[in-house]
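Peer 1: Sequence:
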Amino acid sequence: MGMFFRMAEQKIAEAMAKGEFDHLPGAGKPLVIEDLSHVPEELRMSYKLLKNAGILPEELQLQQECVQMRDLLHACHEAGEQQRISRRLTEKSLRLRMLLEERGLNTSSVFYEYESAVRKRLEE
1469 MGMFFRMAEQ KIAEAMAKGE FDHLPGAGKP LVIEDLSHVP EELRMSYKLL
1519 KNAGILPEEL QLQQECVQMR DLLHACHEAG EQQRISRRLT EKSLRLRMLL
1569 EERGLNTSSV FYEYESAVRK RLEE
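Adding 1468 to a residue's 1-based position in the sequence shown gives its number in this note's numbering.
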């Protein structure tokens, strides 16, 4: 073991002895382990970084916008506004399909599951 590893271990042991870890947020709660098996291996780290920063990947952002636009379209009663929303929905849906195909994610069921989760959240 290297010198820095031993020093780090010593500092951690000292902090534990002083009780500095006793009242941390989430203490005593199980860790949430994310299943990223649906994300291609080369994209997992970037997805994790984006998630931790509170930023959705482009395809999930587009999926969320499509769900919202479909709901707007169903709620709209004005013909001109319906056409405008429908046109934007078509553009976003096409962009989403192209992006999913480009990234090899078009066969994944994750986006359908995400759509359901977004719909549930919007209904709350």
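None of these hints come from the bench; they were simulated from the model.
Predicted, not measured: the structure shown is a model, and the values here were computed from it.
Do not rely on the hints blindly, as some may be mistaken.
[As the list claims (entries may be wrong)] Calculated pairs, DSSO-like style, for lysine-lysine (alpha carbon to alpha carbon, straight line, at most 30 Å):
{"#": "1", "residue 1": "LYS1497", "residue 2": "LYS1519"}
{"#": "2", "residue 1": "LYS1486", "residue 2": "LYS1560"}
{"#": "3", "residue 1": "LYS1497", "residue 2": "LYS1516"}
{"#": "4", "residue 1": "LYS1588", "residue 2": "LYS1560"}
{"#": "5", "residue 1": "LYS1497", "residue 2": "LYS1486"}
{"#": "6", "residue 1": "LYS1588", "residue 2": "LYS1516"}
{"#": "7", "residue 1": "LYS1588", "residue 2": "LYS1497"}
{"#": "8", "residue 1": "LYS1519", "residue 2": "LYS1560"}
{"#": "9", "residue 1": "LYS1486", "residue 2": "LYS1519"}
{"#": "10", "residue 1": "LYS1497", "residue 2": "LYS1479"}
{"#": "11", "residue 1": "LYS1560", "residue 2": "LYS1497"}
Peer 1: Does LYS1560 lie within 30 Å of LYS1486 when you go C-alpha to C-alpha?
Peer 2: Roughly 55 Å separates the two Cα atoms, so the pair is violated.
Peer 1: Between LYS1560 and LYS1497, is the straight-line Cα distance small enough, at 30 Å or below?
Peer 2: Violated, at about 40 Å.
Peer 1: If you draw a straight line from the CA of LYS1497 to the CA of LYS1516, is it 30 Å or shorter?
Peer 2: holds, 21 Å
Peer 1: Taking 30 Å as the top limit, are the C-alpha atoms of LYS1588 and LYS1497 close enough?
Peer 2: Holds: LYS1588 and LYS1497 sit about 26 Å apart, inside 30 Å.
Peer 1: Holds or violated: are the alpha carbons of LYS1588 and LYS1560 at most 30 Å from each other?
Peer 2: holds, 21 Å
Peer 1: Straight-line Cα separation of LYS1588 and LYS1516 no greater than 30 Å?
Peer 2: holds, 23 Å
Peer 1: For LYS1497 and LYS1519, compute the direct alpha-carbon distance and say whether it is at most 30 Å.
Peer 2: holds, 21 Å
Peer 1: Next pair to validate is LYS1497 with LYS1479; report whether the Cα-Cα distance is within 30 Å.
Peer 2: holds, 24 Å
Peer 1: Hey, LYS1497 versus LYS1486, does the alpha-carbon distance stay inside 30 Å?
Peer 2: Status holds; Cα separation ~21 Å.
Peer 1: With a cut-off of 30 Å on the C-alpha distance, tell me whether LYS1486 and LYS1519 pass.
Peer 2: violated, 34 Å
Peer 1: With a cut-off of 30 Å on the C-alpha distance, tell me whether LYS1519 and LYS1560 pass.
Peer 2: holds, 22 Å
The earlier numbered hints that this structure contradicts are 2, 9, 11.
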